[in-house]
Amino acid sequence: MANRIVQLVGIAALALVLTMFAQTAWADDPPGAKLFQTYCASCHGEAGKGGFGPAIGTEKFLGGHDDASMIKTTSEGVAAKGMPAWSKANGGSLSDDQIAEIIAYLRSLSPGSSSTVATSAPTAVPTSATAPTVAVIVQSRLTLAQATGKNGAVVLKATLTGEDGKPIEGAAISFSRATSFGNLDLGSAKTDSQGLAALTVAEVPSAARQVVAAFKGDKSSAASKSALRLEPSDQAVAANGAEVNNAQLSMDEPLLSPDGSLITPNPPLVPATLFVMVVLGVWSIYALVVYQLFRVRKAGVVENKVNTLTFRQ
Amino acid sequence: MAQRFSRRQFIKLSALLAGGAASIGAARGQGLDDLVRAVADVADHRPAFRADAQTTGELIGPSGEPMSHAGTAAAVNGNHRWVMVIDLAKCDGCRECTKACDAMHYVPPGQEWIKVFENRDDQVAGSYWFPRPCMQCDNAPCAKVCPVGATFKREDGIVLVNQDRCIGCRYCIAACPYGARYFNWSEPPHTAEELAQPYSVELNYPHRKGVVEKCIFCPTHLEEGKLPACASACRMNALLFGDQVEDVVFNAAGELFSFSQLIRDKAGFRYMEELGTEPRVWYLPPRDRVYPAPQS
Amino acid sequence: MQRQSAREDILFQPLRSNSIGFYLFCAFLLAIIGWAAYAYYIQLRDGLVVTGLRNYIFWGIYMTNFVFFIGISHAGTLISAILRVTGAEWRRPITRMAEAITLFALTIGAPMIIIDMGHPERLPNLLLYGRLQSPILWDLISVTTYIVGSLMYLYLPMVPDLAECRDRLTDAPNWKRFVYRVLSLGWRGNEEQKRRLERGVSIMAITIIPVAVSVHTVVSWIFGMTLRPGWHSTIFGPYFVVGAIFSGIAALLVAMAIFRRVYHLESYLQEKHFRYLGLLLLVMDVIYIYFTLSEYLTMAYGNEAADQGVMQMLFVGDFAPIFWTMILGGFVLPGLMLALPNLVKNPSPSSAPLLNLRPLAAAIALVVIALVTTAPGVGASADIQMATVTPVLRLIGIIAAIGGVFWVMLPFMQAHPIGTVVTASVLVNIGMWLKRYIIIVPTLYNPLIPIQNVPTEWAHYTPTWVEWSITAGAFASFILLYALFSKMFPIVSIWETSEQKPELPAGGGTRG
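One line per chain: the protein sequences are A, B and C, in this order. When we follow numbering that gives the first Met the number 0, the leftmost residue of the first sequence carries the number 0, and every step to the right adds one. When we follow numbering that gives the first Met the number 0, the leftmost residue of the second sequence carries the number 0, and every step to the right adds one. When we follow numbering that gives the first Met the number 0, the leftmost residue of the third sequence carries the number 0, and every step to the right adds one.
Hint data in this document are derived by calculation from the structure and do not stem from the laboratory. All C-beta atoms, glycine included, are put in the ideal place defined by N, C-alpha and C. Wrong hints could be hidden among the right ones.
Stated by the list, open to error - With a cut-off of at most 30 Å between alpha-carbon atoms, the simulated DSS-like pairs for lysine-lysine come out as follows:
(1) A:Lys297 x C:Lys271
(2) B:Lys225 x A:Lys48
(3) B:Lys98 x A:Lys149
(4) B:Lys225 x B:Lys98
(5) A:Lys297 x C:Lys486
Claimed, not checked - Some chain A residues near chain C, calculated using beta-carbon distances under 10 Å:
(6) Gly76
(7) Val77
(8) Val269
(9) Ala271
(10) Leu292
(11) Phe293
(12) Val295
(13) Arg296
Can you make the complete structure from the sequences, with help from the hints?
Okay, here's the thing in structure tokens:
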């Protein structure tokens with residue numbers, strides 16, 4: 000508990016310092032920048048470079064998330080990760096317009112991620128070296144959703160659309176699961192005419208899982224990526240804003256539970272109590288015997304006194 | 000808490016031994032509410048091992064600082080339960096794992112924290128190589144019998160030995176069915192690098208005379224997201240390591256597998272399952288072997 | 000009354016003066032203890048590497064000694080408490096000796112565990128961090144309880160004797176008189192004192208029996224609670240308790256014989272005491288053989304893979320010599336020695352000339368035993384029929400030879416009943432020490448994952464000089480403590496023996 004408080008105080012202090020630093024930049028920046036500095040930078044770092052929260056101003060992040068998912072995350076928050084829900088509809092302090100401004104500001108940090116320039120994702124054009132002419136590559140959008148299939152199996156549904164909202168057909172979507180050690184391949188599927196690629200996950204997970212659908216990009220569409228948090232229950236919580244990769248194993252948090260306990264088993268209460276009672280019982284009997292000895296001594300002393308008195312008389 | 004409970008009880012016993020008067024004094028000093036709390040603690044089944052700044056032998060973190068026991072468990076939805084999977088079909092008995100372990104932990108000569116046996120289940124069946132690390136049992140017999148709680152089970156599944164507390168009675172060695180525990184019979188030979196590190200339960204070194212030690216799944220490697228030394232040294236990729244909570248294991252080649260699928264598809268098993276020790280090391284049967292069988 | 004006093008003077012004699020022989024004896028024991036202390040210093044300095052123990056065979060004769068001493072500590076309990084509770088009058092001269100064995104065996108036995116520890120200076124950890132589910136904690140609690148209980152049980156009936164010492168040994172050194180005065184608690188023998196003391200003794204006599212049983216049960220559970228072949232056995236608790244009583248009686252008989260000789264206690268420790276205790280020893284022997292058979296037959300018949308290794312080692316392997324010495328020499332032979340003189344009548348006087356030839360016949364019989372048991376191994380024989388027949392012939396030969404020896408020795412055994420019982424007791428004690436060794440070590444040779452690829456010294460256990468020295472030191476300390484005790488306090492309870500009507504000294508040699 001104490002650690003938690005220290006942590007919160009630390010975050011608050013950090014936020015204050017960062018806000019002061021940010022003062023100078025305000026005048027020139029777009030409106031989203033001010034809002035970002037005020038509300039977001041304390042966690043996500045100046046210009047979204049990362050801090051307590053994930054780095055959301057990077058090309059890598061922005062390339063993998065579309066505006067809709069980012070707006071959704073900002074509005075609704077990610078309770079499990081400590082991200083508050085910011086929209087007024089969810090009890091936050093930002094209007095929808097303000098959220099859109101913040102997203103726009105983030106996009107401005109990494110122009111490639113929202114433009115049609117192919118260089119934003121080098122892997123997006125695997126054939127560019129061999130292609131004699133540069134094709135027009137449009138940004139693609141991938142959304143990932145969870146459905147329930149036969150026998151309660153989890154079905155992952157990824158929908159790939161172009162920038163114009165039209166579904167992209169015949170694209171290979173690879174599904175993977177994010178773990179602390181990297182991405183575990185789950186399989187892949189091709190999109191149908193609706194832009195939909197579905198994959199049935201072998202089992203219902205026993206704990207929360209982070210699954211990722213990725214489109215590598217092709218001649219006409221840039222790469223895109225979408226993540227989804229599978230909860231052990233049926234409710235899947237969209238967590239597109241969450242950092243997917245390189246979750247570091249941390250030493251100080253996961254190892255011990257709050258009371259510092261370790262799970263070495265203890266003796267069950269009833270036998271332990273019985274045992275202690277028996278031992279104490281034996282020692283009480285000893286005490287009783289020692290008491291007899293005290294009385295033996297006392298009786299002797301009394302008699303000595305009597306003898307002495309008799310002698311004097 | 001049982002440890003405090005029994006300590007109190009011992010104070011009482013010795014007090015009685017010293018004489019009735021002392022006993023009364025001790026009992027009065029402790030107070031009724033204290034006793035009630037002690038009983039309630041036992042009722043909670045809370046573990047006996049608790050780091051206590053006032054006592055010697057508290058848990059020490061990797062860099063020598065007292066280890067935090069005030070972790071924020073609520074936030075730890077991804078707490079780890081480490082598992083090892085050993086693919087017997089791939090192990091060719093090269094013992095690189097043992098060497099890597101020796102190098103990583105400066106293991107004293109003679110000890111093999113991961114020991115490669117040549118197993119043969121019967122005379123007709125062929126033999127196969129069988130690496131045996133510490134099984135980090137969930138129902139660890141060693142932790143059960145340790146009289147002072149020097150051996151303890153951590154929530155991430157690792158069984159550690161606090162060598163600041165170990166009295167060297169070797170009862171844990173007697174209790175371990177896998178022979179995974181070793182005793183330092185003499186002062187082990189030291190190297191400068193080994194001695195440069197402050198002692199920590201997560202390193203298990205610098206080694207000392209007269210205490211018990213064993214494989215600990217290299218917690219310092221896990222902290223960095225790396226494989227334990229043995230698994231990263233395995234050139235056959237026979238040793239896989241991972242997290243049961245995340246349901247993933249990976250090997251030195253960086254291949255990831257779903258732990259549960261792997262164990263199910265390849266009929267994985269745990270060694271001496273019948274003893275009920277609930278090991279955290281699974282084996283994949285040595286079928287379709289990818290190396291020549293041991294010749295002996 | 001005069002006669003009574005003269006008889007009691009024998010008991011005070013050891014307390015009055017020390018012979019030069021006693022000082023020499025003490026010096027000899029102290030020399031052994033000093034040597035053991037040096038050995039222990041070496042062990043503390045260099046670590047347990049100076050023992051023959053290694054990672055596989057990690058418990059050895061220290062643990063053997065521990066179990067052995069705890070075992071003989073049961074002498075006091077059984078003889079004194081059970082006989083007192085059941086009102087057996089003949090117990091009176093031997094209770095004090097028995098109770099003293101208990102106390103000193105515990106005093107020496109319990110620290111053997113500490114000597115076995117890698118970090119003895121961390122012993123307080125047992126109190127600071129003790130965990131109730133560890134059998135070592137059970138042991139600690141149980142042995143502590145037993146030591147305190149047996150100290151009280153030794154002390155309580157001694158109070159009137161201490162008063163006697165205080166009143167009669169007026170020429171003793173001042174410190175001795177001080178000890179007597181303080182410890183006798185102002186005993187005047189008045190009614191209330193008698194009532195209180197008797198109440199205390201009765202309570203302790205009943206309490207100490209379950210405590211003693213618990214001690215050896217818990218000692219056995221140190222082994223029984225592990226998952227090792229040969230240890231993980233439900234019979235271990237009672238098996239160890241019976242063994243403890245068995246070896247305890249044997250130890251008591253040896254101590255009685257020594258005190259009888261050295262302190263001239265023939266009028267107190269009569270032949271009947273040896274005979275009665277001999278019969279008790281025989282009963283325990285038979286029960287122990289029964290337990291042993293039950294334990295090993297169950298294991299051998301089931302023939303689990305894990306047990307096979309242990310059984311093989313015991314019956315025909317590396318430990319077979321120790322095992323069969325223990326079975327035949329430690330259990331069967333003493334049993335026969337205790338039983339036969341009571342079963343067979345004295346030989347008729349007419350066969351007296353033949354008697355003189357009996358020693359010769361005994362020697363011949365022994366040679367036959369030796370020849371039969373060392374005959375060329377049957378395993379090498381290609382002849383199947385011979386291979387099956389030879390062991391049977393050998394068995395018959397051994398039985399016949401033993402029978403012959405007994406037939407020959409019977410008149411001598413009947414003529415010397417005390418000597419026979421004491422010899423049997425010595426054999427039993429040796430056998431029981433070996434038995435503890437046999438329980439501990441062969442199991443460690445057979446871990447569940449068989450020993451592979453280790454240095455030879457890891458896979459074999461031979462006790463080193465350090466271990467033998469410390470063992471010798473433990474036995475010397477035990478004897479020294481006992482001797483000093485007998486010089487300080489009357490070794491036979493004076494008031495208890497005079498409470499009963501004294502018997503006339505029996506004539507030497509005839510059966511009482």
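To see whether the hints hold, each was checked on the structure:
1. Our distance criterion of 30 Å between C-alpha atoms is broken by lysine 297 of chain A and lysine 271 of chain C, whose separation comes to about 40 Å.
2. A threshold of 30 Å between alpha carbons decides the hint, and for lysine 225 of chain B with lysine 48 of chain A the separation of about 25 Å falls inside it, so the pair holds.
3. With a C-alpha separation of about 49 Å, the suggested pair lysine 98 of chain B and lysine 149 of chain A falls outside the 30 Å cut-off, and the hint is violated.
4. With a CA separation close to 18 Å, the supplied pair lysine 225 of chain B and lysine 98 of chain B stays within the 30 Å bound.
5. Distance hint between lysine 297 of chain A and lysine 486 of chain C is fulfilled; the C-alpha atoms sit about 29 Å from each other, no more than 30 Å.
6. A hinted interface residue such as glycine 76 of chain A counts as satisfied when its beta carbon comes closer than 10 Å to some beta carbon of chain C; here the least separation is about 45 Å, so the hint is violated.
7. Checking valine 77 of chain A against chain C: minimum C-beta separation of about 42 Å lies over 10 Å; hint violated.
8. Below 10 Å, beta-carbon pairs count as interface contacts, and valine 269 of chain A has none with chain C, the closest being about 12 Å; its hint is therefore violated.
9. Interface hint status for alanine 271 of chain A: upheld, as the beta-carbon distance to the closest one in chain C is roughly 5 Å, under 10 Å.
10. Because the beta carbon of leucine 292 of chain A sits about 6 Å from the nearest beta carbon in chain C, less than 10 Å, this interface hint is met.
11. Checking phenylalanine 293 of chain A against chain C: minimum C-beta separation of about 9 Å stays under 10 Å; hint holds.
12. Given the 10 Å rule on beta carbons, the hint for valine 295 of chain A holds: about 5 Å separates it from the nearest Cβ of chain C.
13. For arginine 296 of chain A, the interface hint holds, the least distance from its beta-carbon to any beta-carbon of chain C being 4 Å, beneath 10 Å.
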